[in-house]
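Undergrad: Read off the chains here:
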Amino acid sequence: MLEWLLEPLAFDFMQRGLLAAALVGVVCAVVGCYIVLRGMAFLGDALAHAILPGVALGYLASGGQRGAMFWWALAAAVASSLGIGALSRDGRLKQDTAIGIVFAGMFALGVALISTARSYAVDLSHFLFGNILGLTTQDLWLTFGVGLAVLLTVFVFYKEFLVLAFDPMLAATLRLPARFLETLLSLLTAVAIVVSLQTVGVALVVAMLVTPAATAMLLTRSLPRMMLLAALIAAASGALGLYISFYFNVASGAAIVLTCTAVFALVWLWRQARRPVKG
Amino acid sequence: MKSVFNQHSHPSDQPAVALTGLAVSYNGEPALESISLQIPPGLRVAVVGPNGAGKSTLFKALAGLLRPAAGKVRIHGHAPAQHLCLAYVPQASQVDWNFPVSLRDVVLMGRSGQLGLLRWPAAADQRLVDESLARVQLSRLAKRQIGQLSGGQRQRMFIARALAQGADLLLLDEPLAGLDLPSQEQILKILDELRGQHITVLFATHDLQLASEHFDRILLLNRRLVAYGTPGEVLTAEHLTAAYGGHMQAIDTDQGRLLLGDSGGHAGHEGEPPHA
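Line by line, the protein sequences give chains A and B. Residues in the first sequence are numbered consecutively from 1, following our numbering. Residues in the second sequence are numbered consecutively from 1, following our numbering.
Calculated from the structure, these hints are not laboratory results. Quick reminder that beta carbons are idealized off the backbone N, C-alpha and C, glycines included.
Okay, the calculated bits of chain A under chain B, using three or more residues with CB under 8 Å as the criterion:
#1 160-170
#2 220-229
In silico negatives: residues of chain A with every beta carbon more than 10 Å from chain B:
#3 F13
#4 A75
#5 G83
#6 K94
#7 T97
#8 A104
#9 F129
#10 L133
#11 G134
#12 G145
#13 A236
#14 V250
#15 A273
Examples of chain B residues toward chain A, derived with CB under 7 Å:
#16 A63
#17 Y88
#18 P100
#19 M109
#20 G113
#21 Q145
The shape of chain A in the complex, shown without the other chains (with noise of 0.2 Å):
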């Protein structure tokens, strides 16, 4: 067993995997809890696919240089969810149709660009899918300063985002700056799947900001245990999934999503089997 557990940290690319797999499992959970309790699930994985134009022209425009990709994927899942405020806010569309009309069009945006660098081809499906094992030391240093910078926020703005999650008529009667709120969610949100984009790639991302939330609360009744939880079965299952990948030679950023999946339907199962629920 120690054994089983010991050998794959012999790989440098191994360590660096195993520790950005649980930093970005923490984040994404965290900033999911609020995703999940908003039932914004759907604009999570918009943003995600939204960020592909961005990925495209940052590789075009750089020649593949990561922290440019980075920054090029950020400023496109901005710009979409400034789009889809922007679209929804009037009321004349529901959000979730301005979501589907921003969404469907970036992501095909990028797919036009990707078609027409064809040679680029390969290494951008390592942002659909993910490419845990080829992080370098920068990037992880990068996915650790981004994602501490994302805690941090979660944590100064917590009683503001729990206010206008639980209840948005009293987060307006108490005259907290709703908008504002609303937009560094997103902002927030499009940071986790930034940096997630490595790890488990712009087509599953979705997984690591809803399925650890999700877990976690058919397991407790507070949300800053929730949180807690999340974070924990997210870190876990990311390095779980990992060690699955290299044993069993299954692509990583699946392995973790699998994990995660599975963990849940455990969890299920047992809630389920214990009914009636109690607290």
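For this one, chain A is given, so just place chain B on it according to the hints.
TA: Okay, now just chain B, sitting in the frame of chain A:
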């Protein structure tokens, strides 16, 4: 204790609520038209009217959540957006009861307006929350997750939140809907106890009898203001027909003449005006 709850000082010559020609519309459809009235501080007002009369719309306009299409809303002489002293208690159906918060967490949310950004609740805020919980007799259940509370406990929780907020204008949207009689009475009793603090209460209800028995004033609404005054002044056959149209039925009982509204079985007295 009184001083703890009423931190706001308002000019005493201003009405708690003053509306002049208020109109609100949804997507061009008028929901409220030309409402003008003044409510002095400390009164308890029942807002009644048929379904779709605009009761919730009126509350949202008062709270500054809906922008008027025309007219003016003044709360203690100021625009609604300048006030933190107003609390809106939503209908129970609009709340996510699975949300992972405890009763106490929800009451503490009432403090977040005064606290402002980047500040955490201090001991004084915690004390205010404890006192508010005691007021509505929920101290014992403070740690319960909100999904495990009964309907009456949930409404009392929101009243406690309004108290913790320091609100002196309470907008309660059908707070008694679906509650059993003892829970209804408990809430009415708590509202009685708030009378001494000059807290103005607006209370939307379908129940004309309840409105006539427990409230100082009745505001009868059907998109327009049909009548506003004491229960005796408002609950006349003429006003009720104007508000409820042909859907009214008059039934003679030993208590006087009973009028049934369109919402099924909610009744009010006519004839001998009930004492307020």
